[in-house]
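K.L.:
Spelled out from the first residue to the last, the chains are:
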Amino acid sequence: MLFLPLLAVLVQALSGAPVDAMQAPPGTTAIVFLFTSTDCPVSNRYAPELRRIADAFASKGVVFRLVYPSPADDARAIHEHMAAYAYSGAFDAVRDPKQSLAKFTGATITPEAAVVVGGRVAYRGRIDDRFVDLGRERPAPTRRDLFDALSAIVDGKPVPHPTTQAVGCFISDLAR
Amino acid sequence: MKRNFCFAMALVAAVAAARILSPTVRAQARATEKPTQVTYTKDVAPLLADRCGMCHHAGGSAPFTLLSYSDAKRHAGQIATVTGNRFMPPWKADPADGPFVGQHPLTDREVLVLRRWLDAGTPEGDPRDLPAPREWVEGWQLGKPDLVITLKQPYTLPPEGTDAFRIFVLPIPVDTERFVRGLEFRPGNAKVVHHANIRIDTTSVSRKLDEAGPGPGYDGLIARTATYPDGHFLGWTPGQVAPLLPAELAWRLERNTDLVVELHMQPSGKPEQVSPSIGLYFGDAPPTRTPAMLRLGRQDIDIPAGDANYVITDSYTLPVDVDVEAVQPHAHYRARDVRGEATLPDGSTKRLIDIADWDFRWQHVYRFVTPLSLPKGTTVSMRYTYDNSETNERNPQRPPIRARWGQRSAEEMGDLWLQVLPRNDDDLNRLSRDFRPKVAAEDVKGYESEIEKHPADAGLHDDVALLYLELGKSDSAIAHFTTSLRLKPQSAAAHYNLGTALTVARRLDEAAAEYRQALRIDPDYANAHNNLGNVLLAQRRFDEAIHEFSEVVRLQPASAAAQKNLAAAYAAAGRSPRF
Chain E
1 MLFLPLLAVL VQALSGAPVD AMQAPPGTTA IVFLFTSTDC PVSNRYAPEL
51 RRIADAFASK GVVFRLVYPS PADDARAIHE HMAAYAYSGA FDAVRDPKQS
101 LAKFTGATIT PEAAVVVGGR VAYRGRIDDR FVDLGRERPA PTRRDLFDAL
151 SAIVDGKPVP HPTTQAVGCF ISDLAR
Chain B
177 MKRNFCFAMA LVAAVAAARI LSPTVRAQAR ATEKPTQVTY TKDVAPLLAD
227 RCGMCHHAGG SAPFTLLSYS DAKRHAGQIA TVTGNRFMPP WKADPADGPF
277 VGQHPLTDRE VLVLRRWLDA GTPEGDPRDL PAPREWVEGW QLGKPDLVIT
327 LKQPYTLPPE GTDAFRIFVL PIPVDTERFV RGLEFRPGNA KVVHHANIRI
377 DTTSVSRKLD EAGPGPGYDG LIARTATYPD GHFLGWTPGQ VAPLLPAELA
427 WRLERNTDLV VELHMQPSGK PEQVSPSIGL YFGDAPPTRT PAMLRLGRQD
477 IDIPAGDANY VITDSYTLPV DVDVEAVQPH AHYRARDVRG EATLPDGSTK
527 RLIDIADWDF RWQHVYRFVT PLSLPKGTTV SMRYTYDNSE TNERNPQRPP
577 IRARWGQRSA EEMGDLWLQV LPRNDDDLNR LSRDFRPKVA AEDVKGYESE
627 IEKHPADAGL HDDVALLYLE LGKSDSAIAH FTTSLRLKPQ SAAAHYNLGT
677 ALTVARRLDE AAAEYRQALR IDPDYANAHN NLGNVLLAQR RFDEAIHEFS
727 EVVRLQPASA AAQKNLAAAY AAAGRSPRF
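Protein chains in written order, with my numbering: chain E, 1 to 176; chain B, 177 to 755.
It should be emphasised that the hints constitute simulated quantities derived from the structure, not laboratory data. Since we're looking at a predicted model, the values are computed, not measured. Backbone N, C-alpha and C define an ideal beta-carbon position, used for all residues, glycine too. Hints are all accurate, no fakes.
Covered by chain B, according to a simulated footprint, are these stretches of chain E (three or more residues, beta-carbon under 8 Å): (1) 32-42; (2) 45-52; (3) 84-91; (4) 128-135; (5) 139-147.
With the sequences and hints as input, model every part of the structure.
P.N.:
This is the structure in structure tokens:
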């Protein structure tokens, strides 16, 4: 049997050093990449919900990584952003100024989640369906897509809807 | 010929379909225009500065700026999309309405320019083409205010939740009557403050509501005593500043008046400090003309669960000539389609406002650039459509439930406010007299519906009883004051109120008994002595009447009215006062 090597997807640590976004500690069942930006209001409004999801799955081998794809979001802005929205501690963060990870996962929006299991994208899309479109939002979500996807993954079941449409701010057009 | 016709039809269809430009339309439009290169400096920068810059500048109310090439390039995809679907610039009214102050529409052609710039790869262009940089005034847009009013301590908005509402009551420190020509609102935290609904309260009702709870402001409803001053709107939505009024239209600000500011906020994901401030601009002279506020609308709204097409209508025929200065529609989350129009005596119609996709979050005051003149005999009307089904994503209830009239955002409302300016004070009085019974009758419906929901709320019974008195329905007033008294039997005011309604109904013995009850509870209740005196006078019981009026004079020695009433009582008794 031939083993396919998993490709490294290079992103930047906040120190500026190149790192493989797929690198994770032993025992990791899934990596959740959360594409975000310091100035996207829709993205920021999800901070409390993301912390809840991270709390629910951190003990089940799920690693949560914030991804800042906008080149304008530098390390200092990211540190401030993570402190302000209480991400620090519960989340790693990487920069993706060349948008390699965005391309690899197919993410185009902030906030958008991509869940990688065994080197493959098992879920990519919205966190939940609270935002129907920009300027059109439900008072509460009717589907918690990311939560449901992670529940399926940790239970070893197929993800019900592997891709959904995220609503929010466009990831900068630099790499289009 | 045929091809051109098809193109025109396609454009009309695209405009009708929420103005989303299909790729076919784009391709055809491109084919009919000169193939010049769209660049940032020549084509895009002027549009962004002119139509977006008032919010998207550093320190503006938008979350990011759009005034440099790198900013614009970074957001080019988003810009093309949100202008294409008309989410931005935010303007809910049909572009054919108005024109209104602060309207910054992009034409279909301009939207195409932004799309073509994206498609061309966001070229920068020749720096010499850049328009002169615009200066954005920091701070007060109307200049230095004569008086600035701020919250004593900032309010902390929690990090999450749906739309949040908080009412702040701010005393206006003026030591004499002033004439207000302008009010500018600064949100203090533009990131979370979505709009402000501003009224004034000359009573202490709002102040007491604020003082009753902890922290700055209170949760709940704007009190009925908080009103628009002299028929002037005082609201704020992002990017908008109401211009200074002409001196002749200033509104009178009395001493001891409070500003009542209801903030609609959207949590940002982290705790936010909110500290709004209000600048007032005074004129030198009292107004010579006063507008009136007309309110069309229904308070008997009762939408069945699941009804996707519930319609309310209302209308009013003007008894005098007026100029419509501004309109403001109001409804909550279930309203879909909001329309107002005027039908002139000759049968022709003029549109006031059309909003095809009502959004509760854009509570805008639409001020006509040129006031709309409507002659006497014109009928102003409204027609609002509601969707209380599950297909309305904004529906606050899932599954949907019956929705009745109410001021809470989970209930429904449907009002169209019109600020109108009559020709002169005589016309203003004629209009006010003619209109008041209509609005009072509608308010009664709202109160009756609230009372059904909260039958033990004595304040609701008191308020509706006063409206019934105003409408000449003293029996209904007596019934509600009686209920109120049953709810708070130890209240002198409750006895007094019932006595007043009984007096109006000429049930004088019962009225006197209620005033006496009030005085048993509060012997120093001057108004109760006064009204009892009047009843006794009408019953020709002069000695007792003189006694009551003497009590009023004792309690209110500085009151000229009290002296006059006492003198009148002596005169009626055919006696001269003994001092």
